[in-house]
Amino acid sequence: MFAVLQGAFDPALFWEYRVTLLIGLLQNLSIFAESAAVAIILAFIVGIARLSPRRALSWTATAYAEFFRNTPEYVLLVWIYFVLPLLLTKLVGMQVKFSPHLAAVIGLGVAYSGFMSETVRAGLRSIPGGQTEAAQSLGLSSLTILRRITLPQAIRRMLPEVINQLVSLFKATTIVSLISVQDIMYQVSMISVAEMRPVPLYTGAALIYCVVIIAATQALQALTQRWRTRGWA
Amino acid sequence: MIENFNRYVLANVEPLLGGLWVTLYVCFWSFLLALILGLVACLIRLRGGFLRYLAIPYIEFCRATPIFVQLLWVNYVWPEIFGFPQTVTGAGIIALALQSSGYLAETFRAGFDGLPKGQREAAAAVGMSRWRVLYRIELPQVALVAMPLVINQLAVIVKSSTLVSVIAISDLMYQGLKIVNQWYEPIEVLTAIALAYFLLIFSISRVANAVYVHFQAKFGIAGYR
Amino acid sequence: MESGLNQIRPIIQVNDLHKSFGTQEVLRGITLAVESGAVVSVIGASGSGKSTFLRCLNYLERPSSGEIIVDGETIGASAAAPGRRAAEPSSRDIARMRSTLGMVFQQFNLWPHMTVLGNVIEAPIQVKRMPRREAEDLGRQFLAKVNLLDKQNEYPAKLSGGQQQRVAIARALAMRPKVMLFDEATSSLDPELTTEVLEVMRDLARDGMTMLVVTHEMGFARDVSDRIVFLHAGRVEEDGCPAQVFNAPLSERCRQFVSSALG
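Chains as they are written, first to last, in my numbering: chain A, 1 to 233; chain B, 1 to 225; chain C, 1 to 263.
Okay, chain A solo, but in the shape it has when bound (with noise of 0.2 Å):
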């Protein structure tokens, strides 16, 4: 077993492969970045939508929200990426493709604007409502109380937990490779059977990504602690 446990971490060949590795790893780090910014527009949306005394908006966001949140994030890259099209193209009658970047980002993007619209829904609900009347008390308009009473204030409080779903995301985005994405997962696939050597490279992926999402982890949350303390919070 240890004669097998030497051969089990060899930086060598993460060297050797460096370029394919980092190519693949650019290739996560942008579905990330793409399927965040999806995420938080949409989150953004259908958490004030759950939120609107109109029944019909708020009972449809939080349809929106249950669904997202409690489907799997592998079943609704596949159906993105095999059945969408096919809807799209019965609809508008013109030929849909989805590439496997796009899929990815789609999937992605509206699979965590579940988790992350339960966030904005609960960091806008925070604020006292004596603000809002005192406020509207005052004859700001909804849209203006929105903007300058409640979300500079929600959002505060809702960045821990945003930042947490954000790391989970790019942890998401290893499954990317199943719909022909070539990340970095796929990369080490392609090596690991090209070198006949799973071992090394599965333990190093294991390990790279353990670090990297620990370190992130701790990196924002004390950014963001300074940021919160500072001024009047």
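Footprint (simulated), chain B over chain A, 3 or more residues, beta carbon under 8 Å: (1) 77-86; (2) 197-206.
Result set (DSS-like, lysine-lysine): computed pairs, CA atoms no more than 30 Å apart in a straight line: (3) A:Lys-171 - A:Lys-97; (4) A:Lys-171 - B:Lys-178; (5) B:Lys-117 - B:Lys-218; (6) C:Lys-151 - C:Lys-178; (7) C:Lys-151 - C:Lys-128; (8) B:Lys-178 - A:Lys-97; (9) C:Lys-158 - C:Lys-128; (10) A:Lys-90 - B:Lys-178; (11) C:Lys-128 - C:Lys-145.
None of these hints come from the bench; they were simulated from the model.
Ideal Cβ placement from N, Cα and C applies to all residues, glycine included.
Based on these hints, arrange chains B and C on the given structure of chain A.
Then chains B and C, alone, in the frame of chain A:
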């Protein structure tokens, strides 16, 4: 589309249900294993002396590593180094359990931290052995407070279980993809599978929520979600 | 019919105001007139509907039926033409009516992420589109009036309750309302801190502001008000000058309330 549904879903109901059974089987066993590993890791972390310095990296590793990476690692690397698991099903169960054991360990830890200190001292003063205290006094309370989150982890396991199809475990996802690859008609099958998973996971979430509400009302525990 | 004398027209006229929350009827037909420049105190036991009444005036609560006329403008269910179903007032009507009424809350409701000056000038900038410089001058003017100019760059969390409430008063005054509504403005303050707020309210009254004050402070009610309204179970039980309400009330319930309140 209805005829397609009949042709591809209903006609294949047997393998699909078989896949569902495998999903449930894998999720059940990994949930159990996760509970055990999580509890042990938590206890070692809290009370294990120098062994804590093994437990903490274990927990951090389980939480920080993406489940897909863990799955491939357990499936391809462990048999070479440790000699087990010998089956893909075993690998799937172990990997899912590892991932959740990290979160559960932290959940239990928060539960233990929330217990009033005086309880342990009072029990010790009465002469209870440390194990008795743990078993009769602390664990029941931690179980109560942690229950909603624990049930939620089951939902997470079911969600992650879709990935085990990649290492050729014949779960629901695997069977569905098999049909799609065979007939190139993905719409009905994949939609049906998505709905199936949604219903399953949504039900588990609802149960977790109901437990939370019920425990709040009955025990007044200021739990957490 | 209109009399020609505008100064006789009350600045607030409430006719048969009803408000129910679900099946619970909280206001059961309140009719009341407030003249310009008058200070009217509204007293009564908890649950008598005092706060609800005040909040109906600026539409923080929607009246179930009845008429509210503020400065000649009718808002409320009967604003529609006779024979047609009552129309909901538009948000523009509500906003216009709210700019005539300033409100001070029991919980102050300052915005914690803005400075004291920021709180005061926010509404003039956003609602009246006042340029920032002008708004800041205006804000400082009103902060000086409540004796808090030196705290203009502090955040509300650093201020005492009494100071926060005075900022809230300045914030309401900055919109130059015709009427100031006080909803139990001193009820959440420690006793030592109520004096500073009551002082400000007395000054306001002396300057001729029309004030509608829901309060438990009987001393203030007796000394500063022109009129006292006693509410019981959603109805006006007593409405007269302080001397009458405190010394010779017509209603037995009012007499009981006043004697137990004054100890």
